[in-house]
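Using the sequences plus the hints, can you model the full thing?
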Amino acid sequence: MIPLADDAITRDDKALILAYDHGLEHGPVDFADVPASADPETVFDVATHDAVTALAVQKGIAEAYYPSYEDDITLLAKLNGTSNMWMGEPDSAVNWSVENAAELGADAIGFTLYGGSNNEVEMAEEFRQAQEAARDHDMGVVMWSYPRGQGLKNDTSASTIAYASRLGLELGADITKIKYPGSADAMKWACDVAGKSKVVMSGGSKASDRDFLETVETAMNAGASGLAVGRNVFQRENPTALLDGLEQVIFEDKTTEEALSV
Amino acid sequence: MIPLADDAITRDDKALILAYDHGLEHGPVDFADVPASADPETVFDVATHDAVTALAVQKGIAEAYYPSYEDDITLLAKLNGTSNMWMGEPDSAVNWSVENAAELGADAIGFTLYGGSNNEVEMAEEFRQAQEAARDHDMGVVMWSYPRGQGLKNDTSASTIAYASRLGLELGADITKIKYPGSADAMKWACDVAGKSKVVMSGGSKASDRDFLETVETAMNAGASGLAVGRNVFQRENPTALLDGLEQVIFEDKTTEEALSV
Amino acid sequence: MIPLADDAITRDDKALILAYDHGLEHGPVDFADVPASADPETVFDVATHDAVTALAVQKGIAEAYYPSYEDDITLLAKLNGTSNMWMGEPDSAVNWSVENAAELGADAIGFTLYGGSNNEVEMAEEFRQAQEAARDHDMGVVMWSYPRGQGLKNDTSASTIAYASRLGLELGADITKIKYPGSADAMKWACDVAGKSKVVMSGGSKASDRDFLETVETAMNAGASGLAVGRNVFQRENPTALLDGLEQVIFEDKTTEEALSV
Amino acid sequence: MIPLADDAITRDDKALILAYDHGLEHGPVDFADVPASADPETVFDVATHDAVTALAVQKGIAEAYYPSYEDDITLLAKLNGTSNMWMGEPDSAVNWSVENAAELGADAIGFTLYGGSNNEVEMAEEFRQAQEAARDHDMGVVMWSYPRGQGLKNDTSASTIAYASRLGLELGADITKIKYPGSADAMKWACDVAGKSKVVMSGGSKASDRDFLETVETAMNAGASGLAVGRNVFQRENPTALLDGLEQVIFEDKTTEEALSV
Amino acid sequence: MIPLADDAITRDDKALILAYDHGLEHGPVDFADVPASADPETVFDVATHDAVTALAVQKGIAEAYYPSYEDDITLLAKLNGTSNMWMGEPDSAVNWSVENAAELGADAIGFTLYGGSNNEVEMAEEFRQAQEAARDHDMGVVMWSYPRGQGLKNDTSASTIAYASRLGLELGADITKIKYPGSADAMKWACDVAGKSKVVMSGGSKASDRDFLETVETAMNAGASGLAVGRNVFQRENPTALLDGLEQVIFEDKTTEEALSV
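Chains as they are written, first to last, in the numbering used here: chain V, 4 to 265; chain B, 4 to 265; chain X, 4 to 265; chain S, 4 to 265; chain Y, 4 to 265.
If you are wondering where the hints come from, they were derived from the structure by calculation, not from laboratory data. Fair warning: there could be bad hints in the mix.
Identical chains share a label here; the pair holds if one copy fits it or two copies do between them.
In the DSBU-like style, the derived pairs of lysine-lysine whose C-alpha atoms are separated by at most 35 Å in a straight line are [claimed, not checked]:
(1) K199 x K182
(2) K17 x K257
(3) K209 x K199
(4) K17 x K191
(5) K17 x K209
(6) K182 x K209
(7) K209 x K191
Since this is a predicted model, take the numbers as computed values, not measurements.
Here it is, written out as structure tokens:
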């Protein structure tokens, strides 16, 4: 965590990251309800919304679509990722080098760490290389900190999620993306132990506008610095209304009620 | 996927790739019905047909035969491959460096990814290195995207094949070679989710001229950008007629009936 | 072990290393009793105590907090570490390169070796790389020598702890951190076989002031060169008194009684 | 396979390679019947026979003995090899770098590939590195292509041996050494599918002069380009007669009868 | 094996290597009978005896103690080694780079190869790197050739020990250290198959002066070039007498009787 390293992907020290790597992580089935969402252009258009501070995609998507949007979107290069088709302890492939991401115009990198996986040691070492290379290129570092694996019984317990956010601080992330641990208290614990490293809540599976905004509001009040969201945006036919609401809650300190009544 | 990266191996944005790595992948048994096909010169001669936009071979074949054909054939360097003699989760050896392929005159690289294999993570990282090196040499990138492995029950289901083509887009292939998923609808899904990345259908095992052309026609109508074919060409005593037909269907928008009546 | 290599992190050839990597190794649960200890600033403030000759933290903590304390604290870069969430033979991830640590201003490196783990060979080779890189940067080397793994029945027996301290000497540590083996005689053996390499006692879990000081006094009399302590300091609401006492015992050759009566 | 790359180790496009790595592969027991054969000088002296186009040895033997013979013997650097003392899927250690071999004066490299071993992928990648480095040094490449491993039931069947010789062509060997598959037809198939890559027969265990020459004659008539032989030469008290005969059969197109009557 | 490469560590082409890596390989328990032997200075003092042609230690010991003895002792850098605390197939960590050893003033390297271990392939490749780097620095190479592992029933049989010494020759050692195979004939076989590579006998566990000298005498008569000894020297309260005797037997061609009567 380095001061100002995440400036390019935050606004007033807060972040709303639109994540769009589901085609790799989950496959095209995630686009089934809203077929247009399979087309990256649809999602890149959404990402031009003022509320979105960065768009996180894999290398292939960035190569093909980012050049047309580079004036309107801040690119967060999601370096690793994998399909869900194989079996075994959680792991993720490093699909993109930092050097290549920098050449394509990315302002920050994103990296998944499956703490608790029997592959944690290897993944942490890959994170080290990516994090230090990002520093050499003055790029911010976002960790997707998702404990999972044989040694974990409940990967959204308060202590596990607090451990997840602490890993981001200890290992050198500017922003750590964690799952919502189910309560305001647990979220506050996770934010407290992250120190100067920012915490953003992971959007998770699709919810109603109100339910989703309320969870985000709770997270912000607990100390979160924003949100990283995917399906809750692109699985909506018209995500603009939700993004308008998120902008109020995240950047304007509004309540869900206030945001919904705008 | 980068605009124009595949120019050298396409014609009007469509591709007919002649693949000839069966001696490595399946062994000489694939040449048994047409013994002359064991001789690379026979296949290189076929590849001079106007319909063929690129010939995909392994390094050893390229070293020995390509220099005599470099004016008439576009070389697609198939970087990885393996014999079928060993056991275990699908994997493939990287038999050729991008640098060496570029020196030999290749215009593009080909790389197999067995998504769903327990070796997917390692293969994806090898693909990253090859893909980024290809970019440094201004070479196009073709992914052989073949999900298979312990975690997959049916590797030609619609969702698996759509996942396969999406992997090409997400990871940075200009062209992704997939198996025909059995129906026009499934093929259309696979093409839709590939975005700007082109999809070519894999030829598979030998079929009659009419059956094969009809499948290719269906694939083209579903959004495919062409075909990568091996056995359906070199396992024919005289493949010229079929290539003539494929040229009509792929590049001239003709139906199978029209193509067969030329 | 090189003469003077540890000068920056010792005082009169003795060391009191404050270790603060529990957020990575054990998770935030270690901060539960004294919540303020989750905040690195709290611990950095403690580390400005004259008795502390170096503060050992992971890269992320150093990046975020050390720049504000670089005039008052000597940084010991703890290069490897891991969470306790996964299963299998003991191992540790190398989270920090020596080059990066040197740039951030570290004067020495810290490295855990789990001798006796089935991963010992790999960890020893990682230690070699770190140790030799440290020499290139004129940095001291501290080994956390903690035998554990499938092949060990009792990891605090006299012979195991003596083996642990000898590993530090054989492999090139300037200072070796070992667990207290339970008796003055066993501690003396461990110090004797370390030769010119210094031995510091590991603080372990929290104890009363008197009990802890008495153990440290025993260790010093047995030939130890100091202490590396974490929980026994930051799990106290006000650790200053204990640090005052440790200063007397470690640097002023005082007994526990004398130290407590100051 | 590159034209002329094997010129230094062939004579009229044919090869008689004397292989002497049995001390590594089988141990000193192979020298028991003819104790003098344990002394490399004995075998180097044999290798000065006009019929021998190259001598294949490991690095240590080359370092110690080749400098005295460099005017009379062509050195083929056998890069990999291993003892037969360990258990598990077939594998081979890379004991010699191409750079070092080139400095010692080698004109070509030799490399074993155990196709069908569960280590085939790794071995093929090591072969790639060696093969491409050899090209950088203008050295010829000989593959010892020996399918064996868990997935193979019969490693000398016609189809397996044909696969073996094809692997040499596909992966870039100038010469591929295969076992004799038991019949002229099977040998012809193996030679046919090797294309421009030359095939040499492996000598195997010791046979009578007549039996051995007849097998070689059959192999030559089937399309082989020569022989790689070890035990059938050095396990003879006086191998000159056999080498005289082999010279007639391999380079002078003589029959076994004619060769024996010279 | 290269002529003169071992000059610095031999005298009249014979060697008496004092090995002192037991603190790493066996732990401090090896020093229990003669506690002073735990102190490297004690052993370095012994190594100044005229009979000792080189002292073999690990990096940490060399860093701390060699600078005071560099005028009186020839340093043999034992590059790999490991504790005996872990379980599994024999392996050894590379704890020292050749470059670092050269900077510290070493004249030769020592490297253990566990032929027959399922890790033999990896260890042989590590040996290759060390051996070739040693050549670049004009350093001699000594192999500790100790067959052991799952695939070996009796690791001191005549054929296994002969295989061990042959491995040294084949892989490029100037001197190969083997265990005494139990008889003069077996030792002679092991020396014969080592060719120009020198063989030194391993000292093994402690024996009486007479028994030990007689075994050394037998080995020398069988063709050995000397001895590598550890416990039989440093586990004696006063090792000078034994070293005097060894000097007579190894360098002066004396019998045990003659040596004991000096």
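- For K209 vs K199, is the C-alpha pair at or below 35 Å within one copy, between two copies, both, or neither? both (30 Å within a copy, 27 Å between copies)
- Copy assignment of K209 with K191, given that the CA separation must stay at most 35 Å: both (23 Å within a copy, 26 Å between copies)
- Message: My question is about K17 and K209: at a cut-off of 35 Å on alpha-carbon distance, are they close within one copy, between copies, both, or neither?
- Response: Close inside one copy (22 Å), not across copies (38 Å); limit 35 Å.
- Item | Within, between, both or neither, where K17 and K257 count as close if Cα-Cα is 35 Å or less | within (14 Å within a copy, 52 Å between copies)
- Task: Go through the copies and call it for K17 and K191: within, between, both or neither, with a Cα cutoff of 35 Å.
- Result: Within. Shortest intra-copy distance 16 Å satisfies the 35 Å Cα cut-off; inter-copy 41 Å does not.
- Query: When no copy is named, should K199 and K182 be tagged within, between, both, or neither for a Cα gap of at most 35 Å?
  - Reply: Close inside one copy (19 Å) and across copies (32 Å); limit 35 Å.
- Query: Is the C-alpha distance from K182 to K209 at most 35 Å within one copy, between copies, in both cases, or in neither?
  - Reply: both (14 Å within a copy, 32 Å between copies)
Checked against the numbered hints given earlier, the structure satisfies every one of them.
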